[in-house]
Amino acid sequence: MKFNAMTAVAALMLAVPGVASAEPDDDTLIINGEIEMTTKAELPAHMEDANMDQIMSGWHFRSDETQALQMDDFDNSGMIFVDEGIAQWNAVEGSEGNSCASCHEGPESMEGVRAVYPKWDEDAGEVQTLAMQINDCRENNMGAEPYKYAGGQMANMEALIAVQSRGMPVNVAIDGPAKETWEKGKELYYTRTGQLELSCANCHEDSYGMMIRADHLSQGQINGFPTYRLKNAKLNTVHGRFKGCVRDTRAETFAPGSDEFVALELYVASRGNGLSVEGPSVRN
Amino acid sequence: MKLSTTILAATVLAAGSAMAEPVAPGDVQFDEYGAVAESLTGQPGDVENGAVVMKSKSVGNCISCHKVSALDDAPFHGEIGPPLDGVGDRWGEAEIRGIVANAKKTYPGTMMPAYFKVEGFTRPGDAYTGKAPEGPLDPLLTAQQIEDVVAFLVTLKEE
Numbered sequence: 001m002k003f004n005a006m007t008a009v010a011a012l013m014l015a016v017p018g019v020a021s022a023e024p025d026d027d028t029l030i031i032n033g034e035i036e037m038t039t040k041a042e043l044p045a046h047m048e049d050a051n052m053d054q055i056m057s058g059w060h061f062r063s064d065e066t067q068a069l070q071m072d073d074f075d076n077s078g079m080i081f082v083d084e085g086i087a088q089w090n091a092v093e094g095s096e097g098n099s100c101a102s103c104h105e106g107p108e109s110m111e112g113v114r115a116v117y118p119k120w121d122e123d124a125g126e127v128q129t130l131a132m133q134i135n136d137c138r139e140n141n142m143g144a145e146p147y148k149y150a151g152g153q154m155a156n157m158e159a160l161i162a163v164q165s166r167g168m169p170v171n172v173a174i175d176g177p178a179k180e181t182w183e184k185g186k187e188l189y190y191t192r193t194g195q196l197e198l199s200c201a202n203c204h205e206d207s208y209g210m211m212i213r214a215d216h217l218s219q220g221q222i223n224g225f226p227t228y229r230l231k232n233a234k235l236n237t238v239h240g241r242f243k244g245c246v247r248d249t250r251a252e253t254f255a256p257g258s259d260e261f262v263a264l265e266l267y268v269a270s271r272g273n274g275l276s277v278e279g280p281s282v283r284n
Numbered sequence: 001m002k003l004s005t006t007i008l009a010a011t012v013l014a015a016g017s018a019m020a021e022p023v024a025p026g027d028v029q030f031d032e033y034g035a036v037a038e039s040l041t042g043q044p045g046d047v048e049n050g051a052v053v054m055k056s057k058s059v060g061n062c063i064s065c066h067k068v069s070a071l072d073d074a075p076f077h078g079e080i081g082p083p084l085d086g087v088g089d090r091w092g093e094a095e096i097r098g099i100v101a102n103a104k105k106t107y108p109g110t111m112m113p114a115y116f117k118v119e120g121f122t123r124p125g126d127a128y129t130g131k132a133p134e135g136p137l138d139p140l141l142t143a144q145q146i147e148d149v150v151a152f153l154v155t156l157k158e159e
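From first to last, the protein sequence lines stand for chains G and F.
Position one of the first sequence corresponds to residue 1 (full-length UniProt numbering), numbered consecutively onward.
Position one of the second sequence corresponds to residue 1 (full-length UniProt numbering), numbered consecutively onward.
Calculated from the structure, these hints are not laboratory results.
Mixed in with the good hints there might be a few duds.
Said to hold, decoys possible - As a list, the in silico DSS-like pairs of lysine-lysine whose alpha-carbon atoms are at most 30 angstroms apart:
| no. | chain 1 | residue 1 | chain 2 | residue 2 |
| --- | --- | --- | --- | --- |
| 1 | F | 105 | G | 231 |
| 2 | G | 234 | F | 131 |
| 3 | F | 157 | F | 104 |
To be verified - Only part of the chain G face toward chain F is listed, based on derived beta-carbon distances under 10 angstroms:
| no. | residue |
| --- | --- |
| 4 | 179 |
| 5 | 191 |
| 6 | 198 |
| 7 | 204 |
| 8 | 207 |
| 9 | 210 |
| 10 | 215 |
| 11 | 218 |
As the list claims (entries may be wrong) - Covered by chain G, according to a simulated footprint, are these stretches of chain F (three or more residues, beta-carbon under 8 angstroms):
| no. | segment |
| --- | --- |
| 12 | 56 to 63 |
| 13 | 110 to 116 |
| 14 | 125 to 137 |
| 15 | 142 to 149 |
Keep in mind the model is a prediction, meaning the values are calculated, not measured.
Idealized CB from N, CA, C, for every residue including glycine.
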């Protein structure tokens with residue numbers, strides 16, 4: 001598998017000298033030789049007007065070396081944080097004498113969860129991200145302190161929950177009561193911010209596949225989160241990444257956990273409806 | 001290189017009040033096609049410094065989007081905008097000045113940032129800190145840096 005992918009790319013580079021980096025590749029992502037991932041899918045219906053004809057995981061835009069790190073859990077440094085997540089899952093904390101396990105048994109009970117978040121929460125009357133739900137459990141069911149929204153412990157727990165759904169298609173609901181939040185997220189996605197006046201769409205819809213200096217622009221999908229980035233050697237959360245991208249437009253960013261980023265997360269997640277849950281993925 | 005910049009700076013200092021003030025970002029005169037006929041400083045641009053501005057990540061960072069063969073000593077040229085080789089044949093100095101100062105006047109809706117503009121942004125920040133700005137914004141490039149870049153670009157001819 002690995003061998004095939006490399007040979008294919010080598011052949012391509014021979015055929016088209018000098019344009020090694022431009023296009024997303026056609027490799028296949030199979031994890032541990034058994035979990036086959038959907039990394040390219042049809043455009044979700046709500047993206048009919050988008051300037052693209054297929055959705056693609058960020059995995060396709062990384063080098064063969066980086067891609068390979070995600071194909072085997074022994075090479076995927078993100079899995080170390082899944083182990084930390086297991087320890088957190090079983091740790092009793094807070095005034096109620098509970099751990100996650102007290103209510104949910106093993107982490108396998110979380111199968112399917114990552115795929116449908118963010119989602120409308122009827123009791124709270126708002127769209128909740130996975131991070132909000134985790135902190136909701138900590139505060140209300142455990143009597144424990146919330147995790148820092150985009151901090152390390154949150155990322156560990158998100159990785160543990162994501163991995164239970166690996167290979168399942170992202171399928172967030174955007175209709176009904178979630179619609180209003182989704183619309184707000186969509187508007188943010190297309191708003192050109194900062195002194196550079198760039199929107200998410202400028203880079204990730206209009207220019208994916210192109211180089212922006214040393215970076216190969218992907219579609220900015222979040223099906224692979226949390227992501228282990230080689231650049232900072234840690235797990236990165238969705239809102240942490242959003243913050244970095246908005247900052248790079250020379251803009252004043254929104255805070256992780258803000259209403260704006262929650263709305264943006266729902267919208268960006270919906271652009272990946274149909275791709276497999278990949279978290280924790282490996283990126284550069 | 002460094003030397004010539006220093007001499008330039010010294011000249012500017014020495015000339016002092018005798019010289020006209022550079023045009024302020026709000027006062028630049030664009031014609032209906034987006035060109036700017038008048039120099040922003042009244043001073044000739046420094047070709048070498050223009051090249052430095054275009055390559056430097058912390059200054060113009062133009063090569064993040066444009067390939068420029070003459071700047072091949074700096075690694076990683078992007079592909080978002082057209083390659084700038086031969087741009088001095090395609091455009092005159094006034095058109096190039098207009099594009100560098102505010103490309104949106106030449107290409108409505110373009111992805112290229114406006115380098116000599118200080119107002120009309122959504123949630124502008126304090127450079128790359130992610131924080132709100134503390135005072136009025138500076139343009140991305142100074143008037144003289146724009147002139148330096150223009151001076152460099154007009155030299156890019158297809159031989």
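- Task: If any of the earlier hints don't hold here, list their numbers in rising order.
- Result: 1, 4, 7, 11 and 15
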